[in-house]
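In terms of full-length UniProt numbering, the sequence shown opens at residue 1 and continues consecutively.
None of these hints come from the bench; they were simulated from the model. Fair warning: this is a prediction, and the values are worked out from it, not measured in the lab. Be aware that one or more of the hints could be misleading.
Derived DSBU-like pairs: lysine-lysine, alpha-carbon spacing no greater than 30 Å straight-line [unchecked claim]: (1) 362 to 377; (2) 334 to 357; (3) 293 to 324; (4) 124 to 87.
Pair ranges (Cβ atoms, derived) [claimed, not checked]: (5) 335 to 313: 15 to 23 Å; (6) 186 to 82: 22 to 30 Å; (7) 335 to 118: 51 to 59 Å; (8) 106 to 23: 39 to 47 Å; (9) 82 to 326: 21 to 29 Å; (10) 144 to 379: 54 to 62 Å; (11) 82 to 307: 36 to 44 Å; (12) 315 to 182: 31 to 39 Å; (13) 320 to 106: 54 to 62 Å; (14) 382 to 326: 46 to 54 Å; (15) 313 to 257: 53 to 61 Å; (16) 334 to 132: 12 to 20 Å; (17) 38 to 94: 37 to 45 Å; (18) 322 to 228: 47 to 55 Å.
The C-beta atom is built at its ideal place from N, Cα and C for all residues, glycine as well.
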Amino acid sequence: MDENVKNDAKQVMLVQNADDGRLQAVTGVDRDGNIQTADPTDQNVASLLNVNTQDSALEAFFKKFMEQAQNPVHTGIFVMTENALNKLIRIDFDPEILENYRIDPSERLQTQEQRQFEPLDVTKIDLADMEKKGIRMEDIEPHLKAMSYGHKSNGLVEMNPELENGMRVSTKGRVSLEEQADGSLRVVPHYWQERPDLDAPFHGVLLDEEAKTNLMNTRHAGKVIDLELEPGKLTPCYVSIDKWTNTLEPMPVSLLEKRARIKEADLSEGKQMDFYGGGKVLLEGYTTRAGYKRDAYIQIDAAERNYSFTYDGLDRNRYAQENKEIYRQKAAEKNGRQETTASERQPTLTIHRTILKASVPKEAYDQWTEAVNDPSKRADVKAFYIKGMVKDGQGEPFNAWVKPNFERNKMDFFRWNPDRAKRQGAEVKPAVESRTQVAVNSEGKTVEAVKGVKEPLKQGQQEATPTQKKNYRSSKKSNSKGVKV
């Protein structure tokens, strides 16, 4: 139904009692997943809980519902918009239509878990409210990424909140983001104080001496304390001092997911009891973000909603040998990736249909091109004799053996067939019949057989032509005549 997909509208929830099948509307839910209900009537619609806010307490209710599957208190959960509820009230909750709004708690939990990892849209911050609190955007900007994931700012920011009389007071504190019912975000200040007040009642409870001593020494109470987070109801909590603001912070035990393995290191049953009871335990051989092994003392930090790590008194060289091996493996993998990347960046040899203005035989072109595309065939590549190439500086063609050099991404030229002689040159080397031509035309050498020839030698020319010899003799005779005095 359309009402089911209107995510921006207020959604309400009905539950069906297991004992009598009656439908009840949910008006509230506490942190432990216990719900308060009322009859689903027109008069009560406005007071019903808006389940579209994705409250963590609602998640606790879904978990409890699934845990009670063997001995259920409720046999069905239905979620709909207020408009849909009003229609159902008018038709006396027709069972066939009501069934369209039944939800699967496991699917709902999975959806909520996925949404928990989605960052908040910081463009929805209420700037007017932030200005009233005396908080500047440029001051919180460095912390926005962490705040968008539900964390407090990683440090203090300056604030000048406006009092009721219009005056402003200069102070500082941490800030976090809180999503409002209309989708906007409010910046919530957590004010700094000079020192924690451990003697005043904290959520209706006076801390005992053990807790106060632990808090002063380690910032953590070291045990679970029952606090009155809601009037008349005690909730088991961890308690820590915020290291930035010096304020006491509670964290309900139910919000922490219990694990037997942390950072790839196992916790024994005894350590689990101590750790989840608020104590400090030794975590041996855990894996750091960089991938190395290390020991640490860990304890639940209620202020950060996370674990705190300390290393006092521990042997930091315990895993030195193992970490050296890990480092070598990482270095080898890195070098391998760099070599692969360099190989990928290296230009590949391109086979053209002409070389130095001479046509490449079709057999050579096909064989060389195939070897470019398939490296396994490069060892079988052969040299080919190509005639009429021009690279002698005088425009006269010459002949040479040509073979691709895949390592240097170039073509190599030879006087002889390299596949027979197994001798490879590094520069253009013409065939025997072109050797005189290149020596005279390109290198400017004097060869007796063509001495006195002024024009470029022709391809394959080894000696002067009769005409060239005649011209040379005439020129020599003319130059030998002296000047009579």
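Item to check | Hints the structure fails to honour | outcome: 2, 4, 5, 7, 8, 9, 12, 13, 15, 16, 17
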